[in-house]
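*Asks:* Given next are the chains, with one letter for each unit.
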Amino acid sequence: MRCGRRGFVFSLDSFVAFSLILIALQSIVVVSSAPSGYYHSLAQANFLAQDTLQVLSNVKYNNGQGGLFGDAAAAGLNSQPRAAEKLILATNDLIPQPYSYAYDYYSFEDEKWHMIYNASKEECNPAYEANKNAIDIGHAYRFCNVTFHRVEAASSMFVGVYQDPIERADSPYCNVACSGYVPGSGYSSNEACTKVPCNVQPASTFDAGDFRLGMIRLRVWG
Amino acid sequence: MNRRGFFFTVMALILLSFIFISVQLWAQTTQAQEQRYAQRFGTYAMQDAISMASEQSLADFVNASMVHAVDKFATSLENNPTIYLHAVYDTRDKASNDPNSYPNDPEGIYYLNKSIYELMVYGNTSGYLTNAQNSWPPSKYFYDYTTAPAVGGSSMSVRKNLTYEQDEMRYTLGYYFSTTGKAAQIIGYNISWGKPKNFTLNQTDAWTMHVHLEVPVNFSDSQGRLQTSKNVSVDASFDIDGLSDPYLARANLEYNREIGVPLSDIFDPYTLPHRNIYHIPEYEERADAQAQALKDGSEGLGWFFGPAVQASQLPLFSKDNYRFNSSKISSYILVTSSAALAKEWSGSFGAIMLVRPATEWETVRTINVYQNGP
Chain A
1 MRCGRRGFVF SLDSFVAFSL ILIALQSIVV VSSAPSGYYH SLAQANFLAQ
51 DTLQVLSNVK YNNGQGGLFG DAAAAGLNSQ PRAAEKLILA TNDLIPQPYS
101 YAYDYYSFED EKWHMIYNAS KEECNPAYEA NKNAIDIGHA YRFCNVTFHR
151 VEAASSMFVG VYQDPIERAD SPYCNVACSG YVPGSGYSSN EACTKVPCNV
201 QPASTFDAGD FRLGMIRLRV WG
Chain B
1 MNRRGFFFTV MALILLSFIF ISVQLWAQTT QAQEQRYAQR FGTYAMQDAI
51 SMASEQSLAD FVNASMVHAV DKFATSLENN PTIYLHAVYD TRDKASNDPN
101 SYPNDPEGIY YLNKSIYELM VYGNTSGYLT NAQNSWPPSK YFYDYTTAPA
151 VGGSSMSVRK NLTYEQDEMR YTLGYYFSTT GKAAQIIGYN ISWGKPKNFT
201 LNQTDAWTMH VHLEVPVNFS DSQGRLQTSK NVSVDASFDI DGLSDPYLAR
251 ANLEYNREIG VPLSDIFDPY TLPHRNIYHI PEYEERADAQ AQALKDGSEG
301 LGWFFGPAVQ ASQLPLFSKD NYRFNSSKIS SYILVTSSAA LAKEWSGSFG
351 AIMLVRPATE WETVRTINVY QNGP
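Chains as they are written, first to last, in the numbering used here: chain A, 1 to 222; chain B, 1 to 374.
A hint or two may mislead.
[As the list claims (entries may be wrong)] Okay, the calculated beta carbon distance ranges per label pair:
#, chain 1, residue 1, chain 2, residue 2, range
1, A, S32, B, Y37, 16 to 24 angstroms
2, A, E167, B, P262, 32 to 40 angstroms
3, B, K230, A, L22, 34 to 42 angstroms
4, B, G5, A, I23, 14 to 22 angstroms
5, B, Q35, A, P96, 21 to 29 angstroms
6, B, Q28, A, K112, 38 to 46 angstroms
7, B, Q35, A, S57, 40 to 48 angstroms
8, B, N161, A, Q97, 43 to 51 angstroms
9, B, Q35, A, D164, 21 to 29 angstroms
[To be verified] Covered by chain B, according to a simulated footprint, are these stretches of chain A (three or more residues, beta-carbon under 8 angstroms):
#, region
10, 18-24
11, 115-122
Just so you know, these hints were derived from the structure itself, not from any lab.
Computed from a predicted structure; not experimentally measured.
All C-beta atoms in this analysis are idealised placements derived from N, C-alpha and C, irrespective of residue type, glycine included.
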């Protein structure tokens with residue numbers, strides 16, 4: 001009888017021990033298969049890129065014809081990052097501390113991506129450092145040498161932009177009595193006329209602008 | 001003692017089970033989140049693709065396309081004044097004054113709407129006159145181009161449609177459709193556009209043109225599992241400030257034909273009237289444009305400079321008195337509201353300012369909806 005109870009106790013002990021081993025093994029398997037915090041960081045970087053593009057795409061000026069992406073497209077095609085100054089300054093305020101960013105422009109004419117601006121490189125360019133009186137892109141030194149650490153995410157947007165805005169024609173009639181006319185700058189008074197009225201068929205100088213379709217891509221890393 | 005050991009063992013098992021279940025729940029939650037991230041990224045890509053076929057995206061492009069088409073049209077009319085310019089002038093006899101007898105001009109605005117439609121969609125105007133090939137003069141062209149290089153010593157008349165240059169084709173809707181298709185394919189989706197329909201073009205007020213069109217679009221993913229279609233309806237407006245105005249040339253053409261001026265004189269580019277449209281805020285009201293003497297001076301300004309003379313001062317002037325010889329009077333400006341006085345003294349004064357209330361002129365024109373394109 002005593003031996004039987006002892007056997008029961010030993011069986012129970014072995015069962016408990018076996019359960020503990022199973023739980024430990026299962027825990028190891030479950031924990032190891034669980035995703036790491038990488039996905040959270042990746043999602044955050046993706047949201048950051050997406051939201052930044054979305055917000056900046058809504059910035060319009062020049063009666064709706066001008067936008068931050070119009071200048072950026074021209075900057076990318078001409079390899080002149082400083083032409084995208086407004087976009088860069090706005091983006092510097094939106095991208096938080098641990099991250100850096102770069103813009104690219106996809107042209108459907110040559111079907112290539114063109115680099116617009118890389119904050120980690122441009123903001124640290126010694127040439128800009130030496131010439132601080134030049135156009136200030138922002139001197140956001142916090143982007144200097146921020147290289148890929150954990151994540152990089154990108155978001156792109158299809159855009160139609162005016163690289164050159166519509167230019168309303170100048171009136172050929174330079175009569176000061178017409179409340180004053182300043183060629184190319186509006187209608188203020190007391191300015192010299194540069195055009196002769198009643199010219200033979202004064203042609204319109206209306207310029208329909210330069211509208212392009214392309215894609216803007218914002219890459220964020222940190 | 002043994003019972004206490006048993007109790008502790010059971011409690012330990014319960015505690016371990018609770019920890020194990022918690023860990024498993026956490027792991028399952030994070031796994032589900034991981035799957036959701038992947039789905040989210042896919043959804044964002046789909047949103048980007050759908051936005052390419054959105055009303056806003058198409059409206060922005062239609063606006064740019066319309067501005068370019070109208071400017072191209074107006075400039076081409078301006079630079080190629082000819083009687084055969086069908087977009088300006090219908091060569092059919094209008095003596096009967098019956099609109100039904102003008103099948104080539106159903107809108108009463110000389111193919112303007114069709115021309116703009118075809119420029120926006122195809123980049124040329126080759127389609128709209130195809131039914132009038134048997135008329136004389138031959139109608140399937142936009143304008144005569146008579147300054148082509150001479151062949152064999154004689155000038156050559158080349159009839160042409162109004163056609164975009166290669167670089168201008170990016171303003172056509174066809175280019176927009178193909179480009180959005182390429183962009184969608186980059187992120188794994190397909191967009192296919194149908195033919196624009198219900199196209200209308202109207203001038204809604206003195207400064208604004210408005211266009212409306214609808215385009216069917218199909219959207220699908222690369223596997224063909226997701227398919228949707230809709231009609232994208234677009235309205236866009238733009239300010240015509242600064243554009244060349246073809247109306248003046250057209251009205252001048254009709255007027256000169258009525259009074260029998262030879263065609264060669266009508267289309268002389270050095271005498272053809274020209275007008276651009278300018279919206280000057282200072283002249284917002286018609287009274288603002290009314291002729292008037294300057295309030296803060298006695299002299300005129302601008303093209304005609306000289307002392308301003310009111311009609312009441314006319315007795316001081318004489319066309320016969322040597323003290324007021326014609327050269328001297330011509331340095332003055334006569335300000336009067338009398339047309340008779342203005343006519344009488346028009347040969348003596350340097351300028352006449354005929355002061356009278358400005359009048360407003362308005363034309364109401366009804367434009368039919370243009371269904372389903374040409």
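*Asks:* Run every hint past the structure and note whether it holds.
*Replies:* Going through the hints against the structure:
1. Range check, A/S32 to B/Y37: Cβ separation about 19 angstroms, and the 16 to 24 angstroms hint holds.
2. Taken as a hint, the range 32 to 40 angstroms holds for the pair A/E167 and B/P262, whose Cβ atoms sit roughly 38 angstroms apart.
3. At about 56 angstroms, the beta-carbon gap between B/K230 and A/L22 misses the expected band of 34 to 42 angstroms.
4. Between B/G5 and A/I23 the beta carbons are some 20 angstroms apart, a value that agrees with the proposed interval 14 to 22 angstroms.
5. At about 27 angstroms, the CB distance of B/Q35 to A/P96 agrees with the hint of 21 to 29 angstroms.
6. Taken as a hint, the range 38 to 46 angstroms holds for the pair B/Q28 and A/K112, whose Cβ atoms sit roughly 45 angstroms apart.
7. In this structure the hint that B/Q35 and A/S57 lie 40 to 48 angstroms apart at CB is violated, the actual value being about 30 angstroms.
8. Distance hint check for B/N161 and A/Q97: the Cβ-Cβ separation is about 60 angstroms, which falls outside the suggested range of 43 to 51 angstroms.
9. At roughly 47 angstroms, the beta-carbon separation of B/Q35 and A/D164 lies outside the given 21 to 29 angstroms, and the hint is violated.
10. Counting residues of the region 18-24 of chain A whose beta-carbon sits less than 8 angstroms from any beta-carbon of chain B gives 3, enough to reach three: the coverage restraint holds.
11. Interface restraint, the region 115-122 of chain A with chain B: violated (0 residues with C-beta to C-beta distance below 8 angstroms; minimum three).
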